[in-house]
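Participant: With the hints as constraints, model all of the structure from the sequences given.
Heads up: the sequence lines are chains A and B, in that order. With the first sequence counted from 1, adding 5 to any position gets you the numbering used here. With the second sequence counted from 1, adding 3 to any position gets you the numbering used here.
Simulated from the structure, these hints should not be mistaken for laboratory data. One should not assume that every hint holds.
[What the hints assert, rightly or not] Straight-line distance between alpha carbons at most 20 Å, and here's what the computed SDA-like set of lysine to any residue pairs gives: (1) B:Lys36 with A:Phe38; (2) B:Lys127 with A:Leu27; (3) A:Lys144 with B:Thr7; (4) B:Lys127 with A:Lys144; (5) A:Lys147 with B:Lys36; (6) B:Lys36 with A:Val50; (7) A:Lys147 with B:Arg5; (8) A:Lys147 with B:Thr7; (9) A:Lys144 with B:Val8; (10) B:Lys36 with A:Asp36; (11) B:Lys36 with A:Glu52; (12) B:Lys36 with A:Ala54; (13) B:Lys36 with B:Tyr59; (14) B:Lys52 with A:Lys147; (15) A:Lys144 with B:Met4; (16) B:Lys36 with A:Met49.
[What the hints assert, rightly or not] Chain A side only, calculated, beta carbon under 8 Å to chain B, not exhaustive: (17) Gly28; (18) Val31; (19) Ala41; (20) Asn56; (21) Ala67; (22) Leu74; (23) Ala78.
Note that CB positions come from ideal geometry on N, CA and C, so glycine has one too.
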Amino acid sequence: MIHRGVIWLERVGRWIIAGIFLGAAVPKILDPFTFALDISHYQMVPEWAANPMAITMPWIEAVAGLALLSGFAAEGAILLVNILLLVFLAALGQAWARGLDIDCGCFGHSDAKGHIGLAFFRDLGFLAIGAVTFWLRLKRNKLAGSGKESGVRSKE
Amino acid sequence: MRRTVLQLMVLVAVGAAVGLAYNAVSPSGIPLKGGKPQMWGDKGVRMMKLDEVQFYLQQPGTVLVDARSIYEYKLGHIPGALNLPADNFDPIFPKVAPKLKVAKLVIVYCSGGSCGTSEEVAKKLMEHGLTGDRLAIFSDGLPGWMGANLPIKSGENS
Numbered sequence: 006m007i008h009r010g011v012i013w014l015e016r017v018g019r020w021i022i023a024g025i026f027l028g029a030a031v032p033k034i035l036d037p038f039t040f041a042l043d044i045s046h047y048q049m050v051p052e053w054a055a056n057p058m059a060i061t062m063p064w065i066e067a068v069a070g071l072a073l074l075s076g077f078a079a080e081g082a083i084l085l086v087n088i089l090l091l092v093f094l095a096a097l098g099q100a101w102a103r104g105l106d107i108d109c110g111c112f113g114h115s116d117a118k119g120h121i122g123l124a125f126f127r128d129l130g131f132l133a134i135g136a137v138t139f140w141l142r143l144k145r146n147k148l149a150g151s152g153k154e155s156g157v158r159s160k161e
Numbered sequence: 004m005r006r007t008v009l010q011l012m013v014l015v016a017v018g019a020a021v022g023l024a025y026n027a028v029s030p031s032g033i034p035l036k037g038g039k040p041q042m043w044g045d046k047g048v049r050m051m052k053l054d055e056v057q058f059y060l061q062q063p064g065t066v067l068v069d070a071r072s073i074y075e076y077k078l079g080h081i082p083g084a085l086n087l088p089a090d091n092f093d094p095i096f097p098k099v100a101p102k103l104k105v106a107k108l109v110i111v112y113c114s115g116g117s118c119g120t121s122e123e124v125a126k127k128l129m130e131h132g133l134t135g136d137r138l139a140i141f142s143d144g145l146p147g148w149m150g151a152n153l154p155i156k157s158g159e160n161s
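Facilitator: So, in structure tokens, the structure goes:
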């Protein structure tokens, strides 16, 4: 029963993060130009890095989102989104600390530019979900392993 | 753990490869090299440096728009610039609209590379019918202007 609860909690956590990352990736894939500008506004990476990041990062987010949704390479995908969230938090944190008046660019460029601090705390919430999901995944694998050892088959 | 890290690396490699391939064939693709784009969006809005802005300001029909707040504008702005703050766009736009409608080129600026409000105002201007080819963003903004020891003016909207 506990095993089934862990499976479902981990699955729901994965799907939530998958939805967030796919939702964030699509607008940036459609408008890499604006995303490159948003990246450069953070003044965190050299200008030559803005375009390559704008081209590849949304697709890495999308691939991670699809992996989380399908369960394929799920451990790697959960670890990847957690690392990406840490990078985003570092970018938002330094922008907030420096008082930069910029658009987050997290879900594509937005007209209604919110406070960068709010985006920071929102991503902190996402990271909390990601971290718990990773822990649940490890727990689930452990339970599945012990289930196999004792002859009890895992549901998934 | 090794398997997890391997999965992560494969996902990053696949994502990056798909991104590069998509960018190569997509109509909205951007150059891999070349640094910061010299255009903003896909509607023809140009990103201008100081020398270009100075050139166009000498041409008839060029209007400069200051996208910063009313307070910042009052403290100091580029002479001749109209104040159209991003955070107060709707009430002020009707007052400056007649000048913008007849302008051949509208150049928007704010507090330089990090401000982002120029892009917001440019987008809103396009929503109000200004075409991208008549719009430009002064990427260095007021700091770039002042850095070249060019004059600034203080006071209310021109």
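Participant: Would you mind marking each hint as holding or not holding in the structure?
Facilitator: Hints, one by one, checked against the model:
Restraint check for Lys36 of chain B and Phe38 of chain A: satisfied, since their Cα atoms lie roughly 13 Å apart, inside the 20 Å limit. For the hint linking Lys127 of chain B to Leu27 of chain A, the alpha-carbon distance of about 27 Å lies beyond 20 Å, and the restraint is violated. Between Lys144 of chain A and Thr7 of chain B the alpha-carbon distance is near 14 Å, which keeps this suggested pair within the 20 Å criterion. Using a Cα cut-off of 20 Å, the hinted pair Lys127 of chain B and Lys144 of chain A is violated, with the two alpha carbons roughly 50 Å apart.
For a cut-off of 20 Å, the pair hint linking Lys147 of chain A to Lys36 of chain B is broken: about 46 Å separates their Cα positions. Only pairs whose Cα atoms come within 20 Å are accepted, and Lys36 of chain B paired with Val50 of chain A is accepted, the gap being roughly 14 Å. At roughly 16 Å between alpha-carbon atoms, Lys147 of chain A and Arg5 of chain B fall within 20 Å of each other, so this suggested pair holds. Distance hint between Lys147 of chain A and Thr7 of chain B is fulfilled; the C-alpha atoms sit about 14 Å from each other, no more than 20 Å.
Under the criterion of a C-alpha separation no larger than 20 Å, the hint pairing Lys144 of chain A with Val8 of chain B is consistent with the structure, at around 18 Å. Annotation: proposed proximity of Lys36 of chain B to Asp36 of chain A holds, straight-line Cα distance about 17 Å (limit 20 Å). As the CA atoms of Lys36 of chain B and Glu52 of chain A are separated by approximately 10 Å, the hinted pair is consistent with the 20 Å bound. Note on Lys36 of chain B and Ala54 of chain A: the hinted pairing holds, with a Cα-Cα distance of about 8 Å set against a maximum of 20 Å.
Note on Lys36 of chain B and Tyr59 of chain B: the hinted pairing is violated, with a Cα-Cα distance of about 28 Å set against a maximum of 20 Å. Between the alpha carbons of Lys52 of chain B and Lys147 of chain A the distance comes to roughly 58 Å, so the proposed pair goes past 20 Å and is violated. A hinted pair counts as satisfied when its Cα atoms are at most 20 Å apart, and Lys144 of chain A with Met4 of chain B qualifies at roughly 13 Å. Restraint check: the Cα-Cα separation between Lys36 of chain B and Met49 of chain A comes to about 18 Å, which is no more than 20 Å; the hinted pair holds.
Nearest Cβ of chain B to the Cβ of Gly28 of chain A: about 16 Å, over the 8 Å cut. The hint is violated. Given hint, Val31 of chain A at the interface with chain B, is violated; its Cβ is 12 Å from that chain's nearest Cβ, farther than 8 Å. Taking 8 Å as the C-beta contact cut-off toward chain B, the hint placing Ala41 of chain A at the interface holds, the least distance being around 6 Å. The beta carbon of Asn56 of chain A is positioned within 8 Å of a beta carbon in chain B (closest approach about 5 Å), and the interface hint is therefore held.
Hint on Ala67 of chain A holds. Least Cβ distance to chain B is approximately 7 Å, under the 8 Å limit. The interface hint given for Leu74 of chain A is violated, since its Cβ lies 13 Å from the closest Cβ of chain B, which is over the 8 Å cut-off. Interface hint at Ala78 of chain A: satisfied, since its Cβ lies 4 Å from the closest Cβ of chain B, which is below the 8 Å cut-off.
In this structure, the earlier hints numbered 2, 4, 5, 13, 14, 17, 18 and 22 are contradicted, and the remaining ones agree with it.
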